[in-house]
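Mapping the sequence shown onto the numbering used here, position 456 (from 1) lands on 460, and the numbers just tick up by one.
Pairwise CB distance ranges (calculated):
id, residue 1, residue 2, range
1, P320, V174, 22 to 28 Å
2, L280, R240, 18 to 24 Å
3, V234, Y454, 46 to 52 Å
4, Q198, A412, 43 to 49 Å
5, P46, N194, 34 to 40 Å
6, R92, L280, 25 to 31 Å
7, R185, H77, 20 to 26 Å
8, C472, P320, 39 to 45 Å
9, R178, R240, 17 to 23 Å
10, D396, R185, 49 to 55 Å
It is worth saying that the hints were derived from the structure and are not from the lab. Just so it is clear, CB atoms sit at the ideal spot from N, CA and C, and this is done for glycine as well.
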Amino acid sequence: MIAKPSPRHPVRRSVCKWLLRVFLVVVVAAFVAYATLPYWLPTGWLAKRVENQLSIDLNRQVRIGAVRIGWRHGISIENVTIAERSGRPDDLLVRVGRIACGFTPLTTLRTGRVDRLEIIEPEIWLAFDEEGRLISLEDLGTRLSGQSGFPTWEYRVRNASCHLRMPTLVQTFRIDDLTCRIDKPAGILNVSGQTVIDRDDDNLAPGETSTATLLVDGKVITPKLRKDTVLHGQARIEWKGLAVTDLPLLVAMHFPIEQLDGSTNGKLTFSVQPDLRIDYDLSIAFHSVQILKRGTTRPAQVPDARFVGKGLWDPPTDRIALYEFDYETEAVHVRGAGDADRPALAIDPNGDTPLAIHLTGRVKDWIALSREFPDVAEWTRSAMVRIEGGADLSLDFMRSQDEDHLVAAVEGRQLRCSVGPVASEFLCGDPDISKRLHVDIGHNHLTGRYTQKEVSFSVGGTALVCRCEMV
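Could you put the whole structure together from the sequences, leaning on the hints where they help?
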């Protein structure tokens, strides 16, 4: 007897073929869907969702011009604006030309991050009140402050502008390229950047241009990245051909000046301590600098000079201290006369002593000093005093809440000085005779009274001493 073939084998084969076809169809469909993802994603809906969420999180009105997605150019969010609160002088807080990152959906789903983030042509407007407090960000990001994590480990900012608006001054800073890289295991944020600024220079031939450069390099260690660390960091800024008021740190320290002409070269290194105190080391050279002090209309010429200083700045209290001070021009060389407990220069607006100065130095050339400081030339001319040669000097000035106190001395054995008309001098001190001027004056802010505790002038063995009070 011949056995009939079982029908189960053909059925099993047909089921396997059907399942294989279904699997291949699903794979092809998934591949096609993934490959065409940029074409069918609802970018308009995504832009509106992001707008609404950011507006809630930032407590500001957010607008997004367009969202574009492609495999080649990645994700591009264009024309982003964050509005300022009503009543502020600026309509916008932030405007960004474009935010770009790579389009890697699988990697982003797996890690929660994108490969990089580029912010192109951002502008930010920051406003300060009369006391130097930042008021633009008072209620910004209340919902974002509790969130953690970074969308990427690498950021790049290109063609950025920052506009600082103070009650009497508006300043704009620009930087061409700024890169931030995060090393999370080490808890380190590395920052580097540079900018090149075209400058007008009347001394150049037609068609030639002058440029100023700024380089930034810094490292910050923060517990935001690694919990067993404390906040601290270091940064270095080097520049060539910049104006004094182009330096962000000096504007943040509320220096009340506006530069009209000239340039500076220099280097600034500073470190941020866990208590937010900033220790800094500044060296700067001035070239034909002309400034305008806030609240005045008469420009002042700053002598060509070299300055080196080390000290600290405490942003919460606005206290500035210089422990090392060295200033030299053609005419004068001044050094700090302070120590660890008594800085050469201390500015403490909210302290018992808002201003203290302790300096010593030497006048190298009185004629050059008259050129560099016209007020000195005017005083000596009105007093019919003529001085030649070098002299040692010292100055101590203390400003308290109630009074100012100035103690100054000028002493020079080798200088020649004369008092009176040229044809009939009534006092003359030749070289090799000791000469000394000592001034001790106080001024009471409440009464307006000047106390001339001592003004003495001695030549050789002859001394003239005056003590009086004036209202």
